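Going line by line, the protein sequences match chains P and H. Here the first sequence is numbered in the working numbering, starting from 1 and rising by one per residue. Here the second sequence is numbered in the working numbering, starting from 1 and rising by one per residue.
Simulated from the structure, these hints should not be mistaken for lab results. In this text the structure is predicted, and so the values were computed from the model without any measurement. Here a beta-carbon is modelled for each residue, glycine too, at the ideal position from N, C-alpha and C. One or more hints might be untrue.
Here are the computed lysine-lysine pairs in the DSSO-like style, where the Cα-Cα straight-line distance is at most 30 Å [as the list claims (entries may be wrong)]:
1. 97(H) - 19(H)
2. 29(P) - 102(P)
3. 19(H) - 161(H)
4. 161(H) - 129(H)
5. 102(P) - 129(H)
6. 129(H) - 29(P)
Which chain H residues stay away from chain P? Per the calculated CB distances, all over 12 Å, these [what the hints assert, rightly or not]:
7. 3
8. 16
9. 150
10. 161
11. 176
12. 209
13. 217
According to the in silico footprint, chain P covers these stretches of chain H (three or more CB under 8 Å from chain P) [to be verified]:
14. 20-32
15. 127-134
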Amino acid sequence: MNSNPVSPSENSKPSGLAMSRVAIDRELKAIIADVLGIDAEQADALGDDSGLFGHLPELDSMAIAGLLTEIEDRLDIVIEDDDVDGEMLETYGGLLTFTESKIIER
Amino acid sequence: MSIGIGTWDAPLGQGQISKELCVHFDQARENRVLILPAWFDEANKLRRFTIETMRLLNEAGIDTVLPDLPGCNESLAPLGERTIASWRDAVEAAQAKFAPTHILSIRAGALLAPDGLPGWRYAPQTGAKLLRAMMRARIVAAREAGRAETTEGLFEQARAKGLILGGWPLGAAMIAELENAEPLPSASQRDVAASELGSSGLWLRAEPDEDADQSQALTQIIAADVGTGE
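Looking at chain P on its own, in the form it has when it is part of the complex (with noise of 0.2 Å):
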């Protein structure tokens, strides 16, 4: 049992449990994908200044709600109502942030 002691304040700490940014931009750029029907290609092209919501007349306000319950299912975070507001719902880097923060404080 003692053969190989490890110290714990070095390596009790698992690493890599948050999500990095680079992961949670692939899987909501995929969600983006699923929404606006495009490939992950186009989806890809999308940049922080990109505009979602009042930019793409499809994404109104049903699509938005199952955009934030999909994001909520597969990134595993809760999205309260006062969270839900123009900034950011309004650009991709807005939402990027968002969901960052969300995923940080869970």
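Chain P is fixed; fit chain H onto it per the hints.
For chain H alone, coordinates are given in the frame of chain P:
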């Protein structure tokens, strides 16, 4: 023996009947699948998928029938007066009329699937999740219009006198049922996850769409299970 659109008598409770439309591919074959479609906004998003699957099942030698429930599509019965319990009665009546051998439910349609028959539940959904998405859509729309609505406030209103969500007027009884409705445990119907059809669910799409490959994949699963597959 026919392919097309007909009508059927759906019970409304208290002895009343509502004439509803139904799409059927009926050639008096051995296997006949009763289809319980998705609800509300998801019903629109999945309509093409549902009918396309029926066409492919027809080609695979399987009969299907898709009856409208009171309050849905062209129904003259007000949706606001419907309850999940009344829809379960309607499904029971549909079962008696069409004598299906199997049930295919789609999304929230699983909430109405009786346990007595074998079948499939495509991406079954709970009432609570459906309600949450519809509430959220309303809140997003309200924010956009500069009105501050909250889930709690809307629930209070909904429980007292019903609520219009995404354009669908839902009565207080329906809201209360949705909060707790879950697909009945079924030993005879197997769940088919969205991923089994090789792509993401079409209900996620911002606009109604279709995907022949997904309909084909579901048809193959069903045909293989009933034994008419290659």
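Now for the hints, and whether the structure bears them out:
1. In summary, the hint linking residue 97(H) to residue 19(H) is supported, as the alpha carbons are separated by about 13 Å, within the 30 Å threshold.
2. With a C-alpha separation of about 17 Å, the suggested pair residue 29(P) and residue 102(P) falls inside the 30 Å cut-off, and the hint holds.
3. Straight-line distance between C-alpha atoms of residue 19(H) and residue 161(H) comes to about 27 Å, which keeps the hinted pair within the 30 Å bound.
4. Our distance criterion of 30 Å between C-alpha atoms is met by residue 161(H) and residue 129(H), whose separation comes to about 21 Å.
5. Straight-line distance between C-alpha atoms of residue 102(P) and residue 129(H) comes to about 20 Å, which keeps the hinted pair within the 30 Å bound.
6. For the hint pairing residue 129(H) with residue 29(P), the CA-to-CA distance comes to about 23 Å; that is within 30 Å, so the pair holds.
7. With a closest Cβ-Cβ approach of about 30 Å to chain P, residue 3(H) is found to remain outside the 12 Å limit, as its non-interface label requires.
8. In this structure residue 16(H) is separated from chain P by more than 12 Å, as the shortest Cβ-Cβ distance comes to about 32 Å.
9. At the 12 Å boundary, the C-beta of residue 150(H) falls inside the reach of chain P, the nearest C-beta of that chain being 5 Å off.
10. With a cut of 12 Å on Cβ distances, residue 161(H) stays outside the contact zone with chain P, its closest approach being about 21 Å.
11. Listed as outside the interface, residue 176(H) is consistent with that label: its C-beta sits roughly 21 Å from the nearest C-beta of chain P, beyond the 12 Å cut-off.
12. Chain P draws residue 209(H) into its interface by the beta-carbon criterion, the shortest separation being 5 Å against a cut-off of 12 Å.
13. With a least beta-carbon separation of about 16 Å from chain P, residue 217(H) lies farther than 12 Å from that chain, consistent with its non-interface assignment.
14. Here's how the stretch 20-32 of chain H fares: 0 of its residues keep a CB closer than 8 Å to some CB of chain P, so the rule of at least three is not met and the hint is violated.
15. Beta-carbon proximity to chain P at under 8 Å applies to 4 residues in the stretch 127-134 of chain H; the threshold of 3 is reached and the given coverage holds.
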